[in-house]
Amino acid sequence: SAVISQKPSRDICQRGTSLTIQCQVDSQVTMMFWYRQQPGQSLTLIATANQGSEATYESGFVIDKFPISRPNLTFSTLTVSNMSPEDSSIYLCSVAAVRQGIYGYTFGSGTRLTVV
Amino acid sequence: LAKTTQPISMDSYEGQEVNITCSHNNIATNDYITWYQQFPSQGPRFIIQGYKTKVTNEVASLFIPADRKSSTLSLPRVSLSDTAVYYCLVGDPMDTGRRALTFGSGTRLQVQP
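Heads up: the sequence lines are chains H and Y, in that order.
In terms of my numbering, the first sequence is residues 184 to 299.
In terms of my numbering, the second sequence is residues 57 to 169.
With the rest of the complex left out, here is chain H (with noise of 0.2 Å):
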C-alpha cells in the first residue's frame, strides 16, 4: 500500500500568518484528500485535490483560507492561511491503497498545529 511522508508533524504559529502542510506519496495517485480534526473530535473532509485540475472543496471551507496546491501525482500541498486559534486542529492528508485486492485509504501521521 501506499507510504505518505506528511510534513511538518507539528508547529506552534502566531495568528495572522500562514503555514504550508507538504504531503509526498511514494506512489502515483490520481486523487489526494486533506482532512481535519479538532481535538476529541472526528475527521473532517476539507477538500479534495486532483492533479491538474482546481481541488474541491466541502461546505465550510474555502480556497483563499485553505489554498492547495498538486503539482504532480506524487505530492500536495494544504496552506493555511491567515490563521487564528480556532484553526488550531490535526491535519492530514489521505490517498486511497490497495493491498491484497482490499480497497481502502491511508493517512499520513497528521500536522498538529496550533495558533497562538
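Check the hints yourself; a few may be wrong.
To be verified - Residues on chain H that point at chain Y, a partial pick, calculated with CB under 7 Å: (1) THR213; (2) PRO222; (3) LEU226; (4) LEU228; (5) THR231; (6) GLY235; (7) PHE258; (8) LEU275; (9) ILE285; (10) TYR286; (11) GLY287; (12) TYR288; (13) GLY291.
Unchecked claim - Straight-line alpha carbon distances no greater than 35 Å define the calculated DSBU-like cross-link-like pairs of lysine-lysine that follow: (14) H:LYS190 to Y:LYS125; (15) Y:LYS125 to Y:LYS110; (16) Y:LYS59 to H:LYS248; (17) Y:LYS59 to Y:LYS108; (18) H:LYS248 to H:LYS190; (19) Y:LYS125 to Y:LYS108.
As the list claims (entries may be wrong) - Covered stretches of chain Y, as calculated for chain H (at least 3 residues, CB under 8 Å): (20) 97 to 103; (21) 111 to 120; (22) 142 to 154.
Bear in mind the hints are in silico, worked out from the structure with no lab data behind them.
C-beta atoms are modelled at their ideal positions from N, C-alpha and C, and glycine is treated no differently.
Assemble chain Y onto chain H, guided by the hints.
Same frame as chain H, but now just chain Y:
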C-alpha cells in the same frame, strides 16, 4: 453514503475480548464495511474490511449478519496498546480513490490494566 452509528465509548480490561457494533441500516448492495483504528497523534489505520458473514485477519474479526444492516468488530484479548478510536465506514470499494471517506464519530476504546 450509508450513515453509521456506533457507541461513543467503551471500556475494557486487558485480556478481554471487545466487540464494537456498528449500525448501517441504509447500506447499499455494492457497499463494503471497513474499520479503521486511530491512535492519538496518528492518522487512521485500516484494520479490516468485509462484505458479508465473517472475515478474520491477524488483528481482528468482522462479523456481518445476513441483512448486513450492522457489523461487529471483534478484538480478541485486548491489551493496553489497543486503546484507540475505532471508526466504522461503509462504502463501495469501486469509489475508492474517487470519493473521500466520511467519518462518523467513532468509538473510543479505553483498555485498563
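Against the structure, the hints come out as follows:
no., hint, verdict
1, THR213, "6 Å, holds"
2, PRO222, "10 Å, violated"
3, LEU226, "4 Å, holds"
4, LEU228, "5 Å, holds"
5, THR231, "6 Å, holds"
6, GLY235, "15 Å, violated"
7, PHE258, "17 Å, violated"
8, LEU275, "5 Å, holds"
9, ILE285, "5 Å, holds"
10, TYR286, "4 Å, holds"
11, GLY287, "4 Å, holds"
12, TYR288, "6 Å, holds"
13, GLY291, "5 Å, holds"
14, H:LYS190 to Y:LYS125, "39 Å, violated"
15, Y:LYS125 to Y:LYS110, "14 Å, holds"
16, Y:LYS59 to H:LYS248, "29 Å, holds"
17, Y:LYS59 to Y:LYS108, "18 Å, holds"
18, H:LYS248 to H:LYS190, "19 Å, holds"
19, Y:LYS125 to Y:LYS108, "10 Å, holds"
20, 97 to 103, "holds (count 6)"
21, 111 to 120, "violated (count 0)"
22, 142 to 154, "holds (count 6)"
Hint check: violations occur at hints 2, 6, 7, 14, 21; the rest are consistent with the structure.
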